[in-house]
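Trainee: Knowing the structure of chain A, use the given hints to seat chain B on it.
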Amino acid sequence: EAGVAQSPRYKIIEKRQSVAFWCNPISGHATLYWYQQILGQGPKLLIQFQNNGVVDDSQLPKDRFSAERLKGVDSTLKIQPAKLEDSAVYLCASSLLWRKGHSDTQYFGPGTRLTVL
Amino acid sequence: SQKIEQNSEALNIQEGKTATLTCNYTNYSPAYLQWYRQDPGRGPVFLLLIRENEKEKRKERLKVTFDTTLKQSLFHITASQPADSATYLCALDILFSGGYNKLIFGAGTRLAVHP
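Note that the protein sequences, when read in sequence, are chains A and B.
The first sequence begins at 1 in our numbering and counts up by one.
The second sequence begins at 1 in our numbering and counts up by one.
Bear in mind the hints are in silico, worked out from the structure with no lab data behind them.
Honestly, I wouldn't trust all of these hints.
Stated by the list, open to error - What the simulated footprint calls covered on chain B by chain A, stretch by stretch (three residues with Cβ under 8 Å from a Cβ of chain A suffice, anywhere in the stretch; the number is not a length):
(1) 37 to 46
(2) 69 to 77
(3) 87 to 99
As the list claims (entries may be wrong) - Listed next, the in silico BS3-like pairs over lysine-lysine satisfying Cα-Cα at most 30 Å (straight line):
(4) 62/A with 3/B
(5) 102/B with 11/A
(6) 62/A with 11/A
(7) 78/A with 15/A
(8) 57/B with 102/B
(9) 59/B with 44/A
(10) 3/B with 59/B
(11) 102/B with 62/A
(12) 3/B with 55/B
(13) 55/B with 71/B
(14) 15/A with 57/B
(15) 102/B with 78/A
(16) 57/B with 44/A
(17) 100/A with 62/A
(18) 102/B with 59/B
(19) 100/A with 17/B
(20) 15/A with 83/A
(21) 100/A with 55/B
(22) 83/A with 102/B
These numbers come from a predicted model, not from an experiment.
No residue lacks a Cβ here, since even glycine has one placed at the ideal position from N, Cα and C.
So here's chain A without its partners, still in its complex pose:
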């Protein structure tokens, strides 16, 4: 079974530029997550999709970050404009099911390392 795919793996941009990340989850997984992991910290959830609907985006800086999951499969995360503090690894994860009140294993992609200069 193929894992979660992400691209690009690395991106270097200047502040105020825009950037987009792409994620292809494991086939058949209903739930997709985007996390931000700053060096030395654990992953922080930015947004969670259930199929193509947003379940939680409470920690997404909506003035500059946006995400979509068209047709409930692939997803893109965009930052516009980028700030220095956005330098981090952006991880995509997926899980098979979402049942109310139940926990599920999350499968992570390799991440995109973003450097903002």
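Mentor: For chain B alone, coordinates are given in the frame of chain A:
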């Protein structure tokens, strides 16, 4: 305030010994707790999940305990090997309004197993 604390310093142990990693939390009431392993340049990989009504869970050389009174989980690797060297992340699985769960991760503990 809500906090998750893992050993901030790296844990160095000798091959063959048991590694014990700690995860403490405050002001959360997780229904589940998960442990993940993360290698440099890679995404986290799921290891174990334990429910709030379970005291202990085992998988091969791994053992997790969960004490909701102490608000603590311990993660043990027995007969450790250099290949176990990685960062280990504790994640609280929190039930939020709307009925969905989300993971709140600790900063992780770096484990180094020396031959």
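Trainee: Now tell me, hint by hint, if it's right for this structure.
Mentor: We went through each hint and held it up to the structure:
1. For a cut-off of 8 Å, the count of residues in the segment 37 to 46 of chain B with a CB near a CB of chain A stands at 6, and the three-residue condition holds.
2. Restraint check on the segment 69 to 77 of chain B versus chain A: 0 residues with Cβ-Cβ distances below 8 Å, three needed, restraint violated.
3. Closer than 8 Å: that is the beta-carbon criterion, and the segment 87 to 99 of chain B has 7 residues meeting it against chain A, so the requirement of 3 holds.
4. For the suggested pair residue 62/A and residue 3/B, the alpha carbons sit about 24 Å apart, so the restraint of at most 30 Å is met.
5. Of the supplied pair hints, the one linking residue 102/B and residue 11/A holds, its CA atoms being roughly 28 Å apart against a limit of 30 Å.
6. For the hint pairing residue 62/A with residue 11/A, the CA-to-CA distance comes to about 21 Å; that is within 30 Å, so the pair holds.
7. Under the criterion of a C-alpha separation no larger than 30 Å, the hint pairing residue 78/A with residue 15/A is consistent with the structure, at around 14 Å.
8. Between residue 57/B and residue 102/B the CA atoms are separated by roughly 21 Å; this keeps the pair inside 30 Å, and the hint holds.
9. Taking the CA atoms of residue 59/B and residue 44/A, the gap is about 27 Å. The hint holds against a cut of 30 Å.
10. Under the criterion of a C-alpha separation no larger than 30 Å, the hint pairing residue 3/B with residue 59/B is consistent with the structure, at around 27 Å.
11. The straight-line distance between the Cα atoms of residue 102/B and residue 62/A is roughly 19 Å, inside the 30 Å bound, and the hint therefore holds.
12. In summary, the hint linking residue 3/B to residue 55/B is supported, as the alpha carbons are separated by about 22 Å, within the 30 Å threshold.
13. For the proposed pair residue 55/B and residue 71/B, the alpha carbon gap of about 12 Å is at most 30 Å, so the pair holds.
14. Between residue 15/A and residue 57/B, the direct Cα distance comes to roughly 46 Å. Violation of the 30 Å bound is thereby established for this hinted pair.
15. Distance check on the hinted pair: residue 102/B and residue 78/A sit about 22 Å apart at the alpha-carbon level, within 30 Å; holds.
16. This hinted pair checks out: residue 57/B and residue 44/A have alpha carbons roughly 26 Å apart, not beyond 30 Å.
17. With a C-alpha separation of about 26 Å, the suggested pairing of residue 100/A with residue 62/A holds against the 30 Å cut-off.
18. A C-alpha spacing of about 24 Å is found between residue 102/B and residue 59/B, which places the hinted pair at or below 30 Å, so the restraint holds.
19. About 40 Å separates the Cα atoms of residue 100/A and residue 17/B, which puts this hinted pair outside 30 Å; it is violated.
20. Pair hint residue 15/A plus residue 83/A holds up; C-alpha atoms about 5 Å apart against a cutoff of 30 Å.
21. Between residue 100/A and residue 55/B the CA atoms are separated by roughly 23 Å; this keeps the pair inside 30 Å, and the hint holds.
22. At roughly 26 Å between alpha-carbon atoms, residue 83/A and residue 102/B fall within 30 Å of each other, so this suggested pair holds.
Checked against the numbered hints above, the structure breaks hints 2, 14 and 19 and satisfies the rest.
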